[in-house]
Amino acid sequence: MANTDFRICSLSGLKISRSSELLIRWNLIAAFATLAVGGLMGLLVLLTRWPSVHLLPVEHYYRFLTAHGLDALLAWIIFFEIALVHFTSAVLLGTRSYVTWLGWVAFALMLIGGALINTIVVLGRADVMFTSYVPLKADPLYYLGVILFAVGALIGFIHFFINIVLSKRDGGFKRSLPLGSFGLAAASIIGILTLAHGAAIFLPTLLWSMDVIPTIDPSAYRLVFWGLGHSSQQINVCAMVAVWYMTSAFVVGGKPVNEKLSRTAFVLYILFINLASEHHLLVDPVLSSWHKVVNTSYMMHLAVLASMIHAFAIPASMEVALRKQGYTRGLFEWLKKAPWGNPAFSGVIISIVLFGFLGGITGVIFGTEQFAIIRHNTFAITGHFHGTVVAGTTIAFMAFTYLLIPFIFKRELIWKGFAAIQPWLYGAGVATLSIGMMSAGSFGVPRRHYDITFSGAPFSFTFDPAIDMFMSMMGVGGVLAAAGGLLFILIAFGSIIFGKKLEQQ
Amino acid sequence: MAIHEPERIWWNPLSKDERVWVGVALIWMLVSFIFMPIYHLVGSQNPPSTTYSVKADDFDKLVEGMVSKYKVGEENGFPVVHPDPSEPVFIRASMWQWYPILELEKGKTYKVHLSSIDIQHGFSLQPINMNLMALPGYDYVIKLTPTSAGEFHIVCNEYCGVGHHTMVGKMYVK
Ligand code: HEM
Ligand SMILES: [Cu+2]
Ligand SMILES: [Cu+2]
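Read top to bottom, the protein sequences are chains D and G.
Under the working numbering, the first residue of the first sequence carries the number 1, and numbering increases by one thereafter.
Under the working numbering, the first residue of the second sequence carries the number 1, and numbering increases by one thereafter.
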């Protein structure tokens, strides 16, 4: 391969090949586009759930809620992760993305699958939520879309291993991967295992929707579906933690204080998280109590231990780096002098804090038997995962975007002042939204519910009036988050199109 | 750095702070882990797990059998049933009703059989906020001892189609 294929990024010192650059760019563009669609759907759904607005008619509410879950959770996050696959398995190592065509096949499958899913959902042929619990039935093309997207993602994660094996041959690294790549290796391993569950459940469901298979057992569906649905959240956690470490390195020169500790923590995620999937089934019939207790308690806490380790190691790496830069006065000078105006840095800190305190802690609590029975399918659950996957993963990915735009798109950010406040605005919005949802849920307010005044029902029931305040809190927080999300989309696309070109050799 | 290959030997011993942190976190996790089975044994808020498989038709017959035997009234077209605690009690979920209205006695222990005859529904008893899944094909048995008298509602909290938000049922404890 000719050397002209590579350039050196003058900001980061990274050696970037054209092949990786294009794959990363297009996966990111798809990610931003699906986040824009998903976010808009989120806003419309929010304005329907907010009782004083109650915007959409009933069918549209469920339709857009289905689309919101799919675009935001599935498409935005996985497109971004495939961009991270190439960033960490090629760019960080200073080698190229190998078998480029395979990368494009993966991208095309995800794009076609995503487009198919959205079309079918918007046409009203799949009002089934992203969980599509059987025997609620969607158009076969919906399941086909999910399968195409999942196969694309599977190939994307496999690509990680192709890249690192060939990179090692070409001297990209000698013995060990950089920690950022190691994190994505963990994510890719979990990704491959998870997507196998996806195949195991969506293939039979597709056949069932075409009347080839007579029935799918609803309980078995739930078990295998959550093998996909929950375990895939650990792809997100691994990718998010890798982004935390990498941002600390790029922005303040942070160095993991102990590589052994940080890497062991990633291995704990791979080994133990799958077992936690069963917390989705704590109040289901069929499985015995002991089966549930063992699966939800036993090893899950070792995965939580991993998060505790990262929560120590990343701030420690920042502190050490900032102290080395001379901010040594008192206990906290380094914290005061940290680059808070840099949205990549502030975004990661916000992500760490909110993920831990909002998403993580509530997850551990709701995952116990005794709590599941008083929280299952209430709005508290929606609040919990807006704490993990939005306040945690999404904000971390947004923060990293502020680095990738100059590194990969060779553009300066536009609207630097707005960019500096974007993570704060979005973070404050999501935190308020999430706390509002969790509080309303603790009074029994259900999730995925068109009208909590139950108009048209044979009996009327009124929730504790305290929920009015919490639902409004959710509404106000959600509108702030939507504003922050819009700002992000404008800055991302604006910079890609109009940002000042950065000249590099 | 997280973006560079680590030095040749990175399998270094942990420093004191790290050992303390990991130790405390590990102990905390072990305590949480041990308490899950302990709460299951000593606690009184465990989800039930007795399950039978049942066909929709058969379940329907059981429900109608109970209704014709113990019906004491009617409300909005739904029968009100006052069953004997020594016999099984049934609640049927379907799009979009909880059927029938049960009238239970405070302090008596009932075996409530919960199932759906079409798609998945979410049994959410309000305002005490107790939530269980109702799946088609499975009969989920809940040992229930009402401890306070009054009027309760059953909200559906698993999405079950456009009428989902109208799926509200009732239960009395006397
Ligand atoms: C502008 C920011 C956002 C707002 C205002 C928002 C708001 C909402 C609301 C109101 C719901 C409805 C819950 C219900 O009625 O049951 C919801 C559900 C959901 N949201 Fe978001 N959201 C936002 C961003 C995101 C992002 C970025 C993700 C994923 C990374 C996400 C993932 C989900 C998922 C998975 C659901 C559950 C869908 C379901 O129950 O089927 N949201 N969101
Ligand atoms: Cu229902
Ligand atoms: Cu329902």
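To be clear, the hints were calculated from the coordinates, so they are not data collected in a lab.
Even for Gly, the Cβ is constructed at its ideal location relative to N, Cα and C.
A couple of the hints might just be wrong.
Keeping only pairs whose Cα atoms sit at most 25 angstroms apart, straight-line, the calculated SDA-like set for lysine to any residue is [what the hints assert, rightly or not]: (1) G:LYS16 to D:ASP217; (2) D:LYS137 to G:ASP58; (3) D:LYS336 to G:ASP58; (4) G:LYS170 to G:PRO85; (5) D:LYS324 to G:PRO13; (6) G:LYS111 to D:SER19; (7) D:LYS336 to D:ASP217; (8) D:LYS168 to G:GLU5; (9) D:LYS168 to G:ASN12; (10) G:LYS16 to D:GLY330; (11) G:LYS61 to D:LYS15; (12) G:LYS55 to D:LYS168; (13) G:LYS55 to D:ARG323; (14) D:LYS15 to D:ASP217.
One-sided excerpt, in silico: chain G residues whose CB lies under 10 angstroms from chain D [stated by the list, open to error]: (15) ASN76; (16) GLN97; (17) LYS108.
Going through the hints against the structure:
| no. | hint | in the structure |
| --- | --- | --- |
| 1 | G:LYS16 to D:ASP217 | violated, 52 angstroms |
| 2 | D:LYS137 to G:ASP58 | holds, 24 angstroms |
| 3 | D:LYS336 to G:ASP58 | violated, 69 angstroms |
| 4 | G:LYS170 to G:PRO85 | holds, 18 angstroms |
| 5 | D:LYS324 to G:PRO13 | holds, 22 angstroms |
| 6 | G:LYS111 to D:SER19 | violated, 65 angstroms |
| 7 | D:LYS336 to D:ASP217 | violated, 56 angstroms |
| 8 | D:LYS168 to G:GLU5 | holds, 12 angstroms |
| 9 | D:LYS168 to G:ASN12 | holds, 24 angstroms |
| 10 | G:LYS16 to D:GLY330 | holds, 21 angstroms |
| 11 | G:LYS61 to D:LYS15 | violated, 72 angstroms |
| 12 | G:LYS55 to D:LYS168 | violated, 58 angstroms |
| 13 | G:LYS55 to D:ARG323 | violated, 68 angstroms |
| 14 | D:LYS15 to D:ASP217 | violated, 51 angstroms |
| 15 | ASN76 | holds, 5 angstroms |
| 16 | GLN97 | holds, 7 angstroms |
| 17 | LYS108 | violated, 21 angstroms |
Of the numbered hints given earlier, the model fails hints 1, 3, 6, 7, 11, 12, 13, 14, 17; all others are met.
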